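Novice: Now for the letters of each chain:
There are 2 protein chains.
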Amino acid sequence: MRRLHHIPLSPFCRKVRLALAEKRLEVDLVEQTPWSRSLEFLRLNPAGTVPVFEDDEAHGRAVICDSAVICEYLEETRPERPLLPGDPRARAEARRLVAWFDDKMHGEVTANLVDERVMKKVRGGGHPDSGRIRAGSKNLATHLEYVGWLADQRKWLAGDEISLADFAAAAHLSCLDYIGYVDWDSVPSAKAWYQRIKSRPAFRTLLADHLSGFPPPAHYADLDF
Amino acid sequence: MRRLHHIPLSPFCRKVRLALAEKRLEVDLVEQTPWSRSLEFLRLNPAGTVPVFEDDEAHGRAVICDSAVICEYLEETRPERPLLPGDPRARAEARRLVAWFDDKMHGEVTANLVDERVMKKVRGGGHPDSGRIRAGSKNLATHLEYVGWLADQRKWLAGDEISLADFAAAAHLSCLDYIGYVDWDSVPSAKAWYQRIKSRPAFRTLLADHLSGFPPPAHYADLDF
Chain L
1 MRRLHHIPLS PFCRKVRLAL AEKRLEVDLV EQTPWSRSLE FLRLNPAGTV
51 PVFEDDEAHG RAVICDSAVI CEYLEETRPE RPLLPGDPRA RAEARRLVAW
101 FDDKMHGEVT ANLVDERVMK KVRGGGHPDS GRIRAGSKNL ATHLEYVGWL
151 ADQRKWLAGD EISLADFAAA AHLSCLDYIG YVDWDSVPSA KAWYQRIKSR
201 PAFRTLLADH LSGFPPPAHY ADLDF
Chain H
226 MRRLHHIPLS PFCRKVRLAL AEKRLEVDLV EQTPWSRSLE FLRLNPAGTV
276 PVFEDDEAHG RAVICDSAVI CEYLEETRPE RPLLPGDPRA RAEARRLVAW
326 FDDKMHGEVT ANLVDERVMK KVRGGGHPDS GRIRAGSKNL ATHLEYVGWL
376 ADQRKWLAGD EISLADFAAA AHLSCLDYIG YVDWDSVPSA KAWYQRIKSR
426 PAFRTLLADH LSGFPPPAHY ADLDF
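Chains as they are written, first to last, in this note's numbering: chain L, 1 to 225; chain H, 226 to 450.
Just so you know, the hints here were simulated from the structure itself, not pulled from any lab data. Accuracy of the hints is not assured; some may be wrong.
[To be verified] Rough simulated footprint, nothing fancy, chain L against chain H, three-plus residues with beta-carbon under 8 angstroms:
hint, stretch
1, 281 to 293
2, 310 to 316
3, 319 to 325
Since this is a predicted model, take the numbers as computed values, not measurements. C-beta: ideal position from N, C-alpha, C; glycine also.
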């Protein structure tokens, strides 16, 4: 059986969970605590990060590390139900947006808010830093506007077809929504886009997540929020 | 004519310069100062980062942002002289190492040393932070050992063929070598690998770089260092 080593509120793991589910690939989820630096896990991924994907025997035993690398690998080994468009320029635009969300939005928003509000407590890392929380909240408004602007211009964030760009954005926003930080009503076009993607069967796995000690707000799993 | 917007001591730009040169693609280099946030440059790349690649008309006018995205785009539009192996698992290993150098080594080493030693002064950002310089130097020793270990196990860092993994590693190490921080004699297998890659014609563009006010050490451009 194939396995995905993950942590529930990691946007990188969530992007891969969405990609796997969109490709109808079932996977055993194995929850990790990368900060405990277990030797067993470091043998899988010397970088010590999640997600790590263990592929099944039919495709040859393989251990694939890093969320962007896993997504490219899935595109190459399971080209049905593509996650990227066909044209190289359109692929570059989808990948640009994935990098936008995973680098820029992560650094400016998700890392600040999810780390301070949840992961510090989970890891036992001290008190939340209110400066990072303020910065994250402020930057989230700008990033939500950008999502809304893209959703206004295009059918999906990177173009006519749903792509990894949508799954990357939704992965970050779903983590932020879990901790109640997304003001959906402030950007109606972003909300309408999120309603569409949240209704997809692939999203169900994320909506069922429940972190002990951190209950999500009532609207988190509601498709009609 | 195609153009690459870059800064000389950016490992991400250097990786793309190596990739372009390995594919025998000539390019006009346009030096940018992304920290000045010019509107003209932000129109090219709203993330405000280098490198940005402007492709020529023969392949359709295209603006491609982000070093990893540019490299995938070059593989797709110029498949001759490939930068990644053919097998999906081998491709994943090459991409894993690119992410290792561009994320982990960058955060632990290159950002600390190049930012503090050079970019802060270039940008006018105050005095170097000696804590970051100490951390960067210490972490560099570990990363150089990892490069040496890979070079001991394999012909090139990701396997039998030279790949983006080698160019990413060489891009970081060439920046660090420019500021005189690499103790090559401490890891002979890493030094032998770097000698091989440094001798390639594609490397000449990097060895000719000269930052005003920051002369490189004498061995920087020497193939027999």
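Novice: None of the hints should be skipped; say for each whether it holds.
Specialist: Hint-by-hint comparison with the structure:
| no. | hint | in the structure |
| --- | --- | --- |
| 1 | 281 to 293 | holds (count 6) |
| 2 | 310 to 316 | holds (count 3) |
| 3 | 319 to 325 | holds (count 4) |
The earlier numbered hints are all upheld by this structure, with none contradicted.
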